[in-house]
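Q: Here's the letter readout for the chains.
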Amino acid sequence: MTILIQYTLVYASILSLVALGGCFSEHSGVINLGLEGTMVIGALGGALTMNAIEGSLPGLMVVLIALISAALSGLVYTMLLAVAAIHFNADQTLVGTAMNMLGVAFATVVVKAINLSHDSSNVSAAVKYRTAQSYFVIKIGSMRLSWFMIIAFAAVIISFVVLYKTKFGLRLMACGEHPQAADSVGINVYKMRWAGVLISGVLGGLGGLTYIAINNGECEFNTGVCGYGFLALAVMIFGKWKPQNIFLASLLFGFFRALSSVYMGIGWLNNMHIPNAVYIMLPYIISLIVLALTSKNSAAPKAEGIPYDKGAR
Amino acid sequence: MEQEYVIEMLNITKRFPGIVANDNISLQLKKGEIHALLGENGAGKSTLMSVLFGLYPPEEGVIKKDGKEVKINNPNDANDLGIGMVHQHFKLVECFTVLENIILGVETTKGGILQKDDARKKVMELSDKYGLAIDPDALISDITVGMQQRTEILKMLYRDNEILIFDEPTAVLTPQEIKELMQIMKNLAAEGKSILFISHKLAEIMEVADRCSVLRKGKYIGTVNTSETTMEKLSAMMVGRDVNFHVEKAPAKPADVVLSVENMTVASKSHKKNAVNNVSLNVHAGEIVCIAGIDGNGQSEFVYGLTGLEPLASGKLVLNGKDITHDSIRKRNVEGIGHIPEDRHKHGLVLDYSLEDNLILQNYFEERFVNKFGFLKRKNIRDYANKLIEGYDVRSGQGPITRVGSMSGGNQQKAIIAREIERDPSLLIAVQPTRGLDVGAIEFVHKQLVAERDAGKGVLLVSLELDEVLDVSDRILVMYEGEIVGEFDPKTVTEDELGLYMSGAKRDEVTVK
Numbered sequence: 001m002t003i004l005i006q007y008t009l010v011y012a013s014i015l016s017l018v019a020l021g022g023c024f025s026e027h028s029g030v031i032n033l034g035l036e037g038t039m040v041i042g043a044l045g046g047a048l049t050m051n052a053i054e055g056s057l058p059g060l061m062v063v064l065i066a067l068i069s070a071a072l073s074g075l076v077y078t079m080l081l082a083v084a085a086i087h088f089n090a091d092q093t094l095v096g097t098a099m100n101m102l103g104v105a106f107a108t109v110v111v112k113a114i115n116l117s118h119d120s121s122n123v124s125a126a127v128k129y130r131t132a133q134s135y136f137v138i139k140i141g142s143m144r145l146s147w148f149m150i151i152a153f154a155a156v157i158i159s160f161v162v163l164y165k166t167k168f169g170l171r172l173m174a175c176g177e178h179p180q181a182a183d184s185v186g187i188n189v190y191k192m193r194w195a196g197v198l199i200s201g202v203l204g205g206l207g208g209l210t211y212i213a214i215n216n217g218e219c220e221f222n223t224g225v226c227g228y229g230f231l232a233l234a235v236m237i238f239g240k241w242k243p244q245n246i247f248l249a250s251l252l253f254g255f256f257r258a259l260s261s262v263y264m265g266i267g268w269l270n271n272m273h274i275p276n277a278v279y280i281m282l283p284y285i286i287s288l289i290v291l292a293l294t295s296k297n298s299a300a301p302k303a304e305g306i307p308y309d310k311g312a313r
Numbered sequence: 314m315e316q317e318y319v320i321e322m323l324n325i326t327k328r329f330p331g332i333v334a335n336d337n338i339s340l341q342l343k344k345g346e347i348h349a350l351l352g353e354n355g356a357g358k359s360t361l362m363s364v365l366f367g368l369y370p371p372e373e374g375v376i377k378k379d380g381k382e383v384k385i386n387n388p389n390d391a392n393d394l395g396i397g398m399v400h401q402h403f404k405l406v407e408c409f410t411v412l413e414n415i416i417l418g419v420e421t422t423k424g425g426i427l428q429k430d431d432a433r434k435k436v437m438e439l440s441d442k443y444g445l446a447i448d449p450d451a452l453i454s455d456i457t458v459g460m461q462q463r464t465e466i467l468k469m470l471y472r473d474n475e476i477l478i479f480d481e482p483t484a485v486l487t488p489q490e491i492k493e494l495m496q497i498m499k500n501l502a503a504e505g506k507s508i509l510f511i512s513h514k515l516a517e518i519m520e521v522a523d524r525c526s527v528l529r530k531g532k533y534i535g536t537v538n539t540s541e542t543t544m545e546k547l548s549a550m551m552v553g554r555d556v557n558f559h560v561e562k563a564p565a566k567p568a569d570v571v572l573s574v575e576n577m578t579v580a581s582k583s584h585k586k587n588a589v590n591n592v593s594l595n596v597h598a599g600e601i602v603c604i605a606g607i608d609g610n611g612q613s614e615f616v617y618g619l620t621g622l623e624p625l626a627s628g629k630l631v632l633n634g635k636d637i638t639h640d641s642i643r644k645r646n647v648e649g650i651g652h653i654p655e656d657r658h659k660h661g662l663v664l665d666y667s668l669e670d671n672l673i674l675q676n677y678f679e680e681r682f683v684n685k686f687g688f689l690k691r692k693n694i695r696d697y698a699n700k701l702i703e704g705y706d707v708r709s710g711q712g713p714i715t716r717v718g719s720m721s722g723g724n725q726q727k728a729i730i731a732r733e734i735e736r737d738p739s740l741l742i743a744v745q746p747t748r749g750l751d752v753g754a755i756e757f758v759h760k761q762l763v764a765e766r767d768a769g770k771g772v773l774l775v776s777l778e779l780d781e782v783l784d785v786s787d788r789i790l791v792m793y794e795g796e797i798v799g800e801f802d803p804k805t806v807t808e809d810e811l812g813l814y815m816s817g818a819k820r821d822e823v824t825v826k
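Heads up: the sequence lines are chains W and Z, in that order. With the first letter of the first sequence counted as 1, position 47 gets the number 47 in my numbering; the numbers rise by one all the way through. Every position in the second sequence, counted from 1, becomes a number in my numbering once 313 is added.
Only chain W is shown next, with the shape it has when bound in the complex (with noise of 0.2 Å):
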């Protein structure tokens, strides 16, 4: 039972921290559906970083460092989208697209390159980070947390205050509502919408370390995030673009996701002999029903996706 807990907070800490990533983002009227990519660039920089800096530095400077770096690669990331998107009209769904294939090939690349520069025999996609990982271990008890908990957690509670408590997320999601409203008002959309962006890289970054994170220290970059960044695309439009929401609906799709990794322990269930698949294909089936069932009265943005031009009345 503790490792069903376990698994589902680890899942829902990654979920939840890419939702929030989304959402910011289109508040801002801006959709990311690169955040898949987005998640594979964060976790190469965070791999890459903890490969380079372990052991040589105390643990909790790897974890601040890992954190920061993974959070600097998606901000980087998503300027691609804040630039197409945002200055140049760009078909946002396009441009989305575009950097989930970019981001997985890109990504496969430049391990590639590292691990045959060192052996020219190696030709794996795979960056090794044994002992960083162990630093982003909190036990309590027989439960083994995380940090990523602590900061998926956290992200929750201060996006709630920022989106809905300050002068910075009232002018966000007018920008995502209204633009035209937000600009005879004086508010700069342009520049709110690139807020918007470049917080879902941060978030997005974080949560592809997140990602890496749960794996044995080690991590395949040819595979990318295996659709996370669109599960918590669900996620977010089934939290209904709210923190509180997506916060409660990433533990949802994270328990479906944790049973696959522990339904052999839970006697009952293991008895039932449903195979593998089945429990793998889960979280993916339950976010295809949850859409088609929930996406009719949706609560979107009414101005995401569509590119500002101050011109137009």
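It is possible that some hints are incorrect.
Simulated restraints on C-beta separations [said to hold, decoys possible]:
(1) K629(Z) <-> L269(W): 56 to 62 Å
(2) G55(W) <-> D430(Z): 50 to 56 Å
(3) A299(W) <-> H402(Z): 19 to 25 Å
(4) I138(W) <-> T421(Z): 37 to 43 Å
(5) P275(W) <-> D430(Z): 57 to 63 Å
(6) F688(Z) <-> I285(W): 49 to 55 Å
A few chain Z positions that, by computed beta-carbon distances, are all more than 10 Å from chain W [unchecked claim]:
(7) V383
(8) E648
(9) N684
(10) K760
Worth flagging that the hints you see were computed from the coordinates, not collected in a lab. These numbers come from a predicted model, not from an experiment. The beta carbon of each residue, even a glycine, is placed where N, CA and C say it ideally should be.
Since the structure of chain W is already known, use the hints to place chain Z on it.
A: Structure of chain Z alone, referenced to chain W:
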């Protein structure tokens, strides 16, 4: 020395590619006055106000505030100078509360956290002072258009604006709400605010404005005191010739029933209630029946149901004695429905097609336009198009091959009217046929509707403009929340009376005639 004028716009010229929107226009606003800006669509009113509000830079001319020259490069500059604007299409965030919309952009914070209590106090004080009733915690999406407008006005007052621009503020209001707005504007002027009031409705200008400046085709025509002029004189200034306000028509001679609607119900796409609820009515040959009502009370869905754009949840439609309830859109058209749609860009025209192709959209499948192998007979189409263009005076750059999207709104509308009337329908449905048209084009449309009536057709007019409703129709049905709530004779009913029914304050049982 106290300046007489708070704002002066002197010799403003603003060009857009291919057009001079404002040609050497001057406008002087006195402190504490209500100054109307009158002109037809495309006369340059909105452009001039956009220049004042900092949305466009003028090519020539200067703007002075209290006698001192100022530069206004964006809405923030305008706001700093105390200039505020209620836009024609409200700039309100629907999922925010009234209070949030008012403070947006000028929020007060403490330690980074929004402080709404002081703002609420100030808003409620302003609300009391000027009689602007609002609920600060209601969501914009839940409140009436009138309250949304009051929210916009409070937005300006909250920013301590002294110069208030109202861009066509009455277009979306009921007669009662218009009266309230007029009173509010007078209160604001009495408190020393200076108001610029953009409109093309002469009666409102005569009632509320102190002075009126008239623009025509981008040029400044003149400024008059409303106390020293008449509506006729103003309209002659606006149009450049004398205009006949009243549609001339003989009394109607209703004959047989053309269209009979029995208990029509249409489900709504946006809410759980029915958009059209159990509506029954008849349209006779030789009469113009008008559905009046405030926008969004089911008129659009009613027409969609009639024309087949949306299915009926229940009810029956009979056209010339034939049941057409389940007929396809084309079948209904062939059976005798002509439709001048509400949204001419969405349902009326293919904007990227040529004028001639648009003119045969409803009958391209007829033998005279298509041969048995499915190829179009281009020559016949061209001849037909030329005939219509001449007959209905449709003006365009290149005649039948003009791209319709490049034509003016008035000529687009003429093209639709030509296409629909030429098919000789027994029932003509015209939905807001004069929306966005200038006075000359409106005259044309009204004449065509009356001519169709006199030719023994049934005409069903759906209109939001009360002038039009009272002027053109022979019988008025008021629609409120998807139901017919009253039937009136345009010769005896008053605007106020209609307004009470349109806003749901009164209702009658209506029997089908």
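Q: Can the suggested window of 37 to 43 Å be confirmed for the beta-carbon pair I138(W) and T421(Z)?
A: About 40 Å separates the Cβ atoms of I138(W) and T421(Z), which means 37 to 43 Å holds.
Q: Honestly, do P275(W) and D430(Z) meet the 57 to 63 Å range at C-beta?
A: Because 59 Å falls inside the window, the suggested range holds.
Q: Does 50 to 56 Å hold as the CB distance between G55(W) and D430(Z), or does it fail?
A: holds (54 Å)
Q: Look at the Cβ atoms of K629(Z) and L269(W) and judge whether their distance stays inside 56 to 62 Å.
A: holds (58 Å)
Q: Confirm or reject the statement that E648(Z) sits farther than 10 Å, beta carbon to beta carbon, from all of chain W.
A: holds (35 Å)
Q: Hey, is V383(Z) genuinely clear of chain W, shortest beta carbon separation above 10 Å?
A: Correct as stated: the minimum Cβ-Cβ distance to chain W is 17 Å, above 10 Å.
Q: Is it true that A299(W) and H402(Z) lie within 19 to 25 Å of each other by Cβ?
A: Cβ of A299(W) to Cβ of H402(Z): about 23 Å, so the range 19 to 25 Å holds.
Q: Taking the shortest Cβ-to-Cβ distance between N684(Z) and chain W, state whether it exceeds 10 Å.
A: Holds: least Cβ distance 41 Å, greater than 10 Å.
Q: Between F688(Z) and I285(W), does the beta-carbon spacing fit 49 to 55 Å?
A: Because 51 Å falls inside the window, the suggested range holds.
Q: Once the closest CB in chain W is found, is it more than 10 Å from K760(Z)?
A: Check passes; 32 Å lies beyond 10 Å.
When the structure is compared with the earlier hints, no violation turns up for any of them.
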